Each structure stands twice: as C-alpha cells, then as structure tokens.
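Asks: If you read the sequence shown in the numbering used here, its first letter stands for residue 1, the second for the next number, and so on.
Mixed in with the good hints there might be a few duds.
Said to hold, decoys possible - 16 Å max Cα-Cα, derived EDC-like pairs, lysine to aspartate or glutamate:
no., residue 1, residue 2
1, Lys18, Glu122
2, Lys224, Glu196
3, Lys18, Asp45
4, Lys176, Asp112
5, Lys18, Asp61
6, Lys176, Glu108
7, Lys224, Glu184
8, Lys243, Glu196
9, Lys18, Asp123
10, Lys176, Glu225
11, Lys18, Asp43
What the hints assert, rightly or not - DEER-style ranges, computed between Cβ atoms:
no., residue 1, residue 2, range
12, Val164, Lys18, 26 to 34 Å
13, Trp238, Phe146, 53 to 61 Å
14, Trp238, Ser143, 51 to 59 Å
Quick caveat, the hints were computed from the structure, so don't treat them as lab data. Remember, it's a predicted structure, so these values are computed and weren't measured experimentally. For every residue, glycine included, the Cβ atom is placed at its ideal position computed from N, Cα and C.
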Amino acid sequence: MRLAATLDHIAVVLNRPKYAGNIGSAARCAKNMGIERLIVVSDRDYRQEEIRQMSTHLAADVVDSIVYCRDLGEALSGFQHVIGTTARLGLARGPVVSPREMAEQVVEVSRDNDVALLFGPEDTGLTNEDLRYCQTVVSIPTSERFRSLNLSHAVMILCYEISVAQTGIPERFTPKMASSRELEGMYGHIGALLQEIGFLNPENPEYWMMHIRRLFSRIRLSAKEVRIVRGICRQLSWYLHHKKE
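Turn these sequences into a full structure, and let the hints steer you where they fit.
Replies: Structure follows, in structure tokens:
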C-alpha cells in the first residue's frame with residue numbers, strides 16, 4: 001500500500017512577505033497542487049485587490065480563508081512539523097534536505113500531523129531565529145550564477161514535489177508529534193535549567209540551544225515525550241534548589 005499526503009494537514013506559511021501580489025501568486029500555486037491552507041505572518045495590511053488579481057478567481061477560496069498573524073511563533077504554534085526554506089547554506093543553517101527528500105517526509109508525517117511549509121521575505125529569506133522553529137530545512141537547488149527564486153516559484157516547487165511524492169512512498173506508521181507550542185515550552189524549560197547550572201554562555205545562550213534544537217528535531221518527539229523531558233527538567237531544578245538549602 002502506498003501513502004498519500006493528507007493535504008488538509010499542510011499549510012503554506014508566508015513570513016513577512018513584501019508584496020501583496022506574491023501572496024496571491026502563492027495562493028494560486030498552492031491551490032494548483034491541492035493545498036488550500038495559507039497563513040500570512042505580518043503586521044502590515046496588504047491590498048486585497050492585488051492579492052485577488054494575482055491569485056485568479058479559481059483560488060479565491062484560498063484567499064478568502066487566509067489566516068493573518070502578527071507573530072511567527074503564534075502562527076506555527078499548532079503545527080507538529082515545520083519545514084523552513086533557505087537559499088543560504090552554512091553551519092548556522094544546519095543540515096538541509098532537497099525538495100524531494102522534504103516531500104517524502106511530508107507524505108509520511110502529514111497523515112496524523114499538521115505540517116507548515118515556511119517561506120521568508122522575498123529579499124532576505126528566513127533568519128536564523130525564524131529557522132529555530134523548523135524541524136526540517138530545505139534548499140532548492142539553483143544556478144550558482146543566480147540563486148534567487150520568486151516567492152511563488154519556491155512555493156510551487158515544494159508543493160509540486162509533495163504532489164509527485166504521493167505515489168511512491170510505502171506506508172509506515174508515524175505517531176502524532178508534539179506541536180510547535182509544546183516544543184517551544186520544552187526548549188524554554190531546558191534553556192532555563194542549563195542556564196541555572198552554568199552550562200550556557202549568558203552572553204550567547206542560543207549557541208548551544210541551536211544544537212539542542214537540532215538534536216530533538218531529528219527525534220520527532222510526541223507530546224508525551226515532551227512532558228517527560230519537562231518533568232525531568234522540573235525535577236532537576238527542584239533537586240538543585242533543595243541541595244543548596
């Protein structure tokens with residue numbers, strides 16, 4: 001039996017897009033591939049007529065149901081798996097996968113989990129701080145002479161790969177995973193404990209936390225496992241305080 005992605009569980013998330021027209025184009029591309037959930041993270045008000053013009057009337061339902069958020073953490077809080085896009089590679093970005101590898105993950109994970117495809121602003125892309133929410137980072141191969149892609153083109157490529165991947169993935173069981181909100185709570189708990197014992201450099205605490213995030217991102221923690229980790233942190237913190245007494 002072959003798996004099919006649960007497209008209702010997949011959302012395109014545009015973080016601080018610069019142009020209203022690109023929101024409309026992204027809505028059209030997502031709709032072409034059967035993905036109809038679109039979230040826009042920004043504190044701006046976009047010209048709706050420009051969004052509709054670029055989306056065409058066939059994607060009007062996607063435009064009408066766009067969810068607007070002012071905070072990225074809030075927008076991603078209900079998702080169990082977040083996939084970030086980047087054109088820049090390097091140590092700070094961590095390991096990246098290809099669009100095809102990403103699509104195989106989505107087909108497997110989306111059966112019982114909500115998946116966010118996260119795209120950054122047209123001019124700068126996602127920051128390292130944005131990418132800390134992501135369990136997977138994907139880079140679209142392009143010419144070394146001209147690496148920049150239009151936002152909607154990047155949306156289309158990832159959505160297309162998900163559509164194609166549906167026919168070739170053998171069925172495997174993937175349990176319900178912890179949400180972004182639950183994971184962020186856990187990371188906050190771990191960070192506080194590590195600062196308490198002097199493990200983190202107070203001038204740059206995010207350095208080791210970045211590696212800890214990558215470690216847990218590879219494990220696909222369930223909500224119960226997150227509660228266990230937080231319980232361990234609470235118990236260790238309690239022990240440290242009582243030992244001092």
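Asks: Determine for every hint whether it applies to the structure shown.
Replies: Against the structure, the hints:
no., hint, result
1, Lys18 / Glu122, "holds, 7 Å"
2, Lys224 / Glu196, "violated, 25 Å"
3, Lys18 / Asp45, "holds, 11 Å"
4, Lys176 / Asp112, "holds, 6 Å"
5, Lys18 / Asp61, "violated, 22 Å"
6, Lys176 / Glu108, "holds, 11 Å"
7, Lys224 / Glu184, "holds, 14 Å"
8, Lys243 / Glu196, "holds, 13 Å"
9, Lys18 / Asp123, "holds, 8 Å"
10, Lys176 / Glu225, "holds, 11 Å"
11, Lys18 / Asp43, "holds, 11 Å"
12, Val164 / Lys18: 26 to 34 Å, "holds, 29 Å"
13, Trp238 / Phe146: 53 to 61 Å, "holds, 56 Å"
14, Trp238 / Ser143: 51 to 59 Å, "holds, 56 Å"
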